[in-house]
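Asks: Below are the chains, spelled out letter by letter.
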Amino acid sequence: MISRMWRYGWMLLVLPLLAWSGEPALRGTGDLGVIIERSAGRVLIVSTSSNSIISRVDGLGDLSHASVVFSRDQRYAYVFGRDGGLSKVDILRGLLEKRIVQGGNSIGGAISQNGRLVAVANYEPGGLKVFTADTLEPVADIPAAYGDNKLSKVVGIADLPGDRFIYSLFDADQIWIADLRDPKSPKVEKFSNIGKAPYDGLVTPDSRYYMAGLFGEDGIALLDTWQPQQGVKRILANYGRGEEKLPVYKMPHLRGWAVAGHQVYLPAIGRHEVLVADTSNWKETARIAVRGQPVFVVARPDGRQVWVNFAFPDNGFVQVIDTLTGQIVQTLEPGKAVLHLEFTPRGEAVWISARDDNKVLVYDTASFARLAELPAESPSGIFFTSRAHRIGF
Amino acid sequence: MPPYRPFFKRLSPTPSQGGVSFLISVKIGLGVLALGGLGFNPLALAEEPVTLSIERTRELVRMVRQDCGSCHGLTLRGGLGPALLPETLRDRPPDGLKYTILLGRPGTAMPPWKTFLNEAEAEWIVAQLLRGFPEESR
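From first to last, the protein sequence lines are chains V and Z.
Numbered by my numbering, the letters in the first sequence go through residues 1 to 393 in order.
Numbered by my numbering, the letters in the second sequence go through residues 1 to 138 in order.
Isolated chain V, as found in the complex:
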């Protein structure tokens, strides 16, 4: 009798203690995401299931042009800040786990296929720096050297299979592939004269093709990474047809979402157009007149719609292209200064940041109804953890 009391009685004491200890309820992270509050140096951790903010993480430095990649377990967000800061955020606990300042000026990065390496593309000093994903220890430094001891700003970084990173050199008109399979001695393959002033790049969802948008000329540089010996080709060349382009008040961004079905949708530089090319032969198939100069041209995960936001002064609008008909089916005015949009993993909703209205809006992508509105201080990039399992993100 007494021994039985000893055997079970402890539960009476310990179980309530467990309940009171403040341990959060168990949960996964697959429906979570990170929103950048660009002028506050803070990120919001949000849930796409409850359309709500679940925590805030401060102290991330200058996030005026920040981007995020995720660990493959979708628990950690690596935030690349403008000031060269690289921050590892535990999104489950809402904590800044580690932060280093690895360069003077950077905007983006990528995580390797095996999830062990995080690479940062730097403007200053121009080049690539690679760190371990778990502790952010430096493992490789690859200056983007060209010409007479000059360093180029690095843009358009994406991961490739085999723990490689592909990126473009804005000042040097080059594309480089850094192979980090042996992180202690990285191998770099360089492609020169790829076109004037590449400003950003993307890999297709299958990771086969890398595209670099060109600021200095009309066209897109294309590299088949399965057959790199064939070199860089030019597609959509001369899409401006020699017409003078409009002043560009904001550089467009490229990411792998631009591919919908067998078509790729790309922003035209200095034109109010989205360019469409067939990914089987890279020929231009259409161009779609839109409200302003496109910044993000993003396919819904199922590829049926492509959503577009615009540069100043048309940055209050978002337009939706139906990819079946190639027509604009909706024009939204979500708020002032729309900077970014991100689809939920399966695309039933889209989150849109309106910087100058200090809010993030959630829309149903079928009915275009507004589902939620969240307060956020100068919100910019929105990144959901579903990116963790996609090549090129």
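It is worth saying that the hints were derived from the structure and are not from the lab.
Please note that the accuracy of each hint is not assured.
[As the list claims (entries may be wrong)] Derived DSBU-like pairs (lysine-lysine); straight-line CA-CA distance at most 35 angstroms:
1. K196/V to K114/Z
2. K114/Z to K336/V
3. K250/V to K98/V
4. K114/Z to K150/V
5. K190/V to K245/V
6. K196/V to K150/V
7. K250/V to K190/V
8. K190/V to K283/V
9. K114/Z to K245/V
10. K150/V to K233/V
11. K336/V to K233/V
12. K114/Z to K184/V
13. K245/V to K187/V
14. K98/V to K184/V
15. K250/V to K114/Z
16. K250/V to K233/V
Once you have looked at the hints, place chain Z on chain V.
Replies: Structure of chain Z alone, referenced to chain V:
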């Protein structure tokens, strides 16, 4: 919601169509400026110092921090475009800076801002940049 508008074009849009849409956007820019309390005259030459309204200077601070900041950085320490700090601009003639803002720098990513700024406003921005640009008030 705005009515459905078929904007889709097959290949070969006529140049005039692109021009039309640009004019529309310029008009919208104009409307915004007019709301800001200042007339719009991109070619106006400021012969004498013009006092800008507090409201307008607040808009200009936001514009420089946020829109110029998309290339030069929110802190103006540089990005795709160069840093715009007093120490990096000090050796440059203020008039050159003013015309760089208004007319852009052909062959680079710097666009002309004369559609959105008059000369007095550009002068004001240059003066603030040289002395250390103000933060946005909120």
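Asks: Hint by hint, note whether the structure agrees.
Replies: Comparing the hints with the structure gives:
A threshold of 35 angstroms between alpha carbons decides the hint, and for K196/V with K114/Z the separation of about 26 angstroms falls inside it, so the pair holds. Restraint check: the Cα-Cα separation between K114/Z and K336/V comes to about 22 angstroms, which is no more than 35 angstroms; the hinted pair holds. Annotation: proposed proximity of K250/V to K98/V holds, straight-line Cα distance about 32 angstroms (limit 35 angstroms). Taking the CA atoms of K114/Z and K150/V, the gap is near 33 angstroms; set against the 35 angstroms cutoff, the hint holds.
Only pairs whose Cα atoms come within 35 angstroms are accepted, and K190/V paired with K245/V is accepted, the gap being roughly 30 angstroms. The straight-line distance between the Cα atoms of K196/V and K150/V is roughly 17 angstroms, inside the 35 angstroms bound, and the hint therefore holds. Among the hinted pairs, K250/V with K190/V is consistent with the structure: their alpha-carbon atoms are about 28 angstroms apart, no more than 35 angstroms. Under the criterion of a C-alpha separation no larger than 35 angstroms, the hint pairing K190/V with K283/V is consistent with the structure, at around 26 angstroms.
Taken as a hint, the K114/Z and K245/V pair is honoured in the structure, with Cα atoms around 16 angstroms apart against an allowance of 35 angstroms. Of the supplied pair hints, the one linking K150/V and K233/V holds, its CA atoms being roughly 25 angstroms apart against a limit of 35 angstroms. For the suggested pair K336/V and K233/V, the alpha carbons sit about 38 angstroms apart, so the restraint of at most 35 angstroms is broken. Distance restraint check for K114/Z and K184/V: the Cα-Cα separation of roughly 51 angstroms exceeds the 35 angstroms cut-off, and the hinted pair is therefore not satisfied.
About 39 angstroms separates the Cα atoms of K245/V and K187/V, which puts this hinted pair outside 35 angstroms; it is violated. Taking the CA atoms of K98/V and K184/V, the gap is near 23 angstroms; set against the 35 angstroms cutoff, the hint holds. Between the alpha carbons of K250/V and K114/Z the distance comes to roughly 16 angstroms, so the proposed pair stays at or under 35 angstroms and holds. For the hint pairing K250/V with K233/V, the CA-to-CA distance comes to about 26 angstroms; that is within 35 angstroms, so the pair holds.
When held up to the earlier numbered hints, the structure conflicts with 11, 12, 13 and fits the remainder.
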